[in-house]
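Construct the complete structure from the given sequences, taking the supplied hints into account.
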Amino acid sequence: MDDKFELVKKYNIDVDVYIDRDGTTPVGKLSDRNLTKEFLRLYFMGHIAKVWKVWLTDIYMAQTTDGKEIFLPETNISSEDIEKIMNDKRGGKRAGAGPKLKTGYVTTTLRIPSTLKESFKCYIDMYTQYFKGDEENIPYFTNEEDRLNTIRDMMSVLKYEEHLIYERRRRAAEEEENKRQLKLFGDENQ
Numbered sequence: 001m002d003d004k005f006e007l008v009k010k011y012n013i014d015v016d017v018y019i020d021r022d023g024t025t026p027v028g029k030l031s032d033r034n035l036t037k038e039f040l041r042l043y044f045m046g047h048i049a050k051v052w053k054v055w056l057t058d059i060y061m062a063q064t065t066d067g068k069e070i071f072l073p074e075t076n077i078s079s080e081d082i083e084k085i086m087n088d089k090r091g092g093k094r095a096g097a098g099p100k101l102k103t104g105y106v107t108t109t110l111r112i113p114s115t116l117k118e119s120f121k122c123y124i125d126m127y128t129q130y131f132k133g134d135e136e137n138i139p140y141f142t143n144e145e146d147r148l149n150t151i152r153d154m155m156s157v158l159k160y161e162e163h164l165i166y167e168r169r170r171r172a173a174e175e176e177e178n179k180r181q182l183k184l185f186g187d188e189n190q
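Residue numbers for the sequence shown follow this note's numbering, so the first one is 1 and each next one is one higher.
Just so you know, not all the hints are guaranteed correct.
Here are the simulated distance ranges between beta carbons [to be verified]:
#1 Lys37 - Tyr160: 55 to 65 Å
#2 Met86 - Tyr160: 47 to 57 Å
#3 Pro73 - Phe5: 10 to 20 Å
#4 Asn87 - Thr65: 19 to 29 Å
#5 Asp146 - Lys29: 42 to 52 Å
#6 Leu116 - Tyr140: 17 to 27 Å
#7 Val27 - Ala173: 56 to 66 Å
#8 Gly186 - Asp146: 56 to 66 Å
#9 Phe5 - Gly67: 20 to 30 Å
#10 Tyr166 - Tyr127: 19 to 29 Å
#11 Ala172 - Ile151: 24 to 34 Å
#12 Glu144 - Arg21: 53 to 63 Å
#13 Glu162 - Thr142: 23 to 33 Å
#14 Ile165 - Ile19: 51 to 61 Å
Distance condition first, Cα-Cα at most 20 Å in a straight line; then the derived SDA-like pairs of lysine to any residue [as the list claims (entries may be wrong)]:
#15 Lys37 - Ile85
#16 Lys84 - Thr36
#17 Lys9 - Thr75
#18 Lys50 - Arg21
#19 Lys9 - Ile82
#20 Lys9 - Thr36
#21 Lys29 - Ser78
#22 Lys53 - Asp20
#23 Lys10 - Ser78
#24 Lys37 - Glu74
#25 Lys9 - Asn76
#26 Lys37 - Glu80
#27 Lys121 - Ser156
#28 Lys4 - Ser31
#29 Lys183 - Ala173
#30 Lys50 - Pro73
#31 Lys117 - Tyr127
#32 Lys37 - Ile82
#33 Lys53 - Phe5
#34 Lys53 - Thr36
#35 Lys50 - Asp22
#36 Lys9 - Met45
#37 Lys121 - Leu148
#38 Lys121 - Ile138
#39 Lys29 - Ile13
#40 Lys84 - Ile13
Calculated directly from the structure, the hints in this document are not laboratory data.
Quantities reported herein were computed from a predicted structural model and do not represent experimental measurements.
Every residue, glycine too, gets a C-beta built ideally from N, C-alpha and C.
Quick look at the structure:
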């Protein structure tokens with residue numbers, strides 16, 4: 001069976017293939033003939049870590065993010081099969097999925113204490129206005145009173161942290177001075 005790349009291009013299935021499990025340099029891309037339903041489900045959910053061709057054979061293998069190895073036999077998968085897998089509502093990566101950007105910034109996931117959630121929303125809102133307010137007409141998503149409360153809380157935290165840093169530096173300087181004095185005193189006694 002010939003290597004064709006029609007389906008992988010159509011569905012943007014970009015998978016590097018290595019020579020053997022321990023290979024570090026990709027030697028090609030995975031073709032249509034080795035796309036299995038199991039592989040595609042795992043791929044669209046972001047659970048494929050590596051694909052390789054077993055040295056001196058025509059056997060393709062894949063490793064999942066949890067370390068499981070799966071065999072990728074030759075198949076005749078169709079566009080309809082891939083569409084069904086992509087439209088499966090059991091999770092995974094789908095085009096257009098996820099919340100849309102309100103601020104214009106790419107986002108990331110960060111776990112924070114739930115008590116700080118509203119403050120962080122306000123801070124993000126204020127940050128967006130600060131850096132993009134003149135360029136674009138971006139509306140506020142938080143109310144003014146919440147933003148003022150966040151500013152007060154932030155100022156208190158910043159003053160407290162500034163005090164801690166000042167005190168730590170002052171104590172370190174005192175310890176350094178004491179060491180210097182002890183060294184001088186020790187040198188004078190000899």
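Right, here's what the structure says about each hint:
Restraint check, Lys37 to Tyr160: a C-beta distance of roughly 56 Å satisfies the suggested window 55 to 65 Å. Between Met86 and Tyr160 the beta carbon distance is about 51 Å. The supplied range of 47 to 57 Å therefore holds. One distance hint, 10 to 20 Å for the beta-carbon pair Pro73 and Phe5, holds here, with the actual separation near 18 Å. Hint check: Asn87 to Thr65, Cβ distance near 23 Å, so the stated range 19 to 29 Å holds.
For the hinted restraint 42 to 52 Å between Asp146 and Lys29, the CB-CB distance of approximately 50 Å keeps it satisfied. Under the hint 17 to 27 Å, the C-beta atoms of Leu116 and Tyr140, about 19 Å apart, fit the expected range. For Val27 and Ala173, the hinted distance range of 56 to 66 Å is satisfied, since their beta carbons lie about 59 Å from each other. Between Gly186 and Asp146 the CB atoms are about 60 Å apart, so this pair conforms to the stated range of 56 to 66 Å.
The supplied range of 20 to 30 Å is met by Phe5 and Gly67, whose beta-carbon atoms lie about 28 Å from each other. A hinted range of 19 to 29 Å for the beta carbons of Tyr166 and Tyr127 is consistent with their spacing of about 26 Å. Restraint check, Ala172 to Ile151: a C-beta distance of roughly 31 Å satisfies the suggested window 24 to 34 Å. With their beta carbons about 58 Å apart, Glu144 and Arg21 fall inside the hinted range of 53 to 63 Å.
A beta carbon spacing of about 26 Å between Glu162 and Thr142 agrees with the range 23 to 33 Å that was offered as a hint. Take Ile165 and Ile19: their Cβ atoms lie about 53 Å apart, and the range 51 to 61 Å holds. Distance hint between Lys37 and Ile85 is fulfilled; the C-alpha atoms sit about 7 Å from each other, no more than 20 Å. In summary, the hint linking Lys84 to Thr36 is supported, as the alpha carbons are separated by about 13 Å, within the 20 Å threshold.
As the CA atoms of Lys9 and Thr75 are separated by approximately 17 Å, the hinted pair is consistent with the 20 Å bound. Of the pairs offered as hints, the one joining Lys50 and Arg21 holds, with about 8 Å between alpha carbons and a cut-off of 20 Å not exceeded. For the suggested pair Lys9 and Ile82, the alpha carbons sit about 12 Å apart, so the restraint of at most 20 Å is met. A hinted pair counts as satisfied when its Cα atoms are at most 20 Å apart, and Lys9 with Thr36 qualifies at roughly 16 Å.
With a C-alpha separation of about 19 Å, the suggested pairing of Lys29 with Ser78 holds against the 20 Å cut-off. A C-alpha spacing of about 6 Å is found between Lys53 and Asp20, which places the hinted pair at or below 20 Å, so the restraint holds. Annotation: proposed proximity of Lys10 to Ser78 holds, straight-line Cα distance about 12 Å (limit 20 Å). Taken as a hint, the Lys37 and Glu74 pair is honoured in the structure, with Cα atoms around 12 Å apart against an allowance of 20 Å.
Restraint check: the Cα-Cα separation between Lys9 and Asn76 comes to about 16 Å, which is no more than 20 Å; the hinted pair holds. Of the pairs offered as hints, the one joining Lys37 and Glu80 holds, with about 11 Å between alpha carbons and a cut-off of 20 Å not exceeded. A C-alpha spacing of about 18 Å is found between Lys121 and Ser156, which places the hinted pair at or below 20 Å, so the restraint holds. Among the hinted pairs, Lys4 with Ser31 is consistent with the structure: their alpha-carbon atoms are about 6 Å apart, no more than 20 Å.
At roughly 15 Å between alpha-carbon atoms, Lys183 and Ala173 fall within 20 Å of each other, so this suggested pair holds. Taking the CA atoms of Lys50 and Pro73, the gap is about 16 Å. The hint holds against a cut of 20 Å. Proximity of Lys117 to Tyr127 is assessed by CA-CA distance (about 15 Å); at most 20 Å being required, the pair is judged to hold. Distance hint between Lys37 and Ile82 is fulfilled; the C-alpha atoms sit about 8 Å from each other, no more than 20 Å.
Simply put, Lys53 and Phe5 have alpha-carbon atoms about 17 Å apart, close enough for the 20 Å limit, and the pair holds. Using a Cα cut-off of 20 Å, the hinted pair Lys53 and Thr36 holds, with the two alpha carbons roughly 15 Å apart. Annotation: proposed proximity of Lys50 to Asp22 holds, straight-line Cα distance about 10 Å (limit 20 Å). At roughly 18 Å between alpha-carbon atoms, Lys9 and Met45 fall within 20 Å of each other, so this suggested pair holds.
Restraint check for Lys121 and Leu148: the C-alpha separation of about 13 Å stays at or below 20 Å, so the hint holds. Only pairs whose Cα atoms come within 20 Å are accepted, and Lys121 paired with Ile138 is accepted, the gap being roughly 15 Å. Between Lys29 and Ile13 the alpha-carbon distance is near 9 Å, which keeps this suggested pair within the 20 Å criterion. For the proposed pair Lys84 and Ile13, the alpha carbon gap of about 15 Å is at most 20 Å, so the pair holds.
Consistency note: the structure conflicts with none of the earlier hints.
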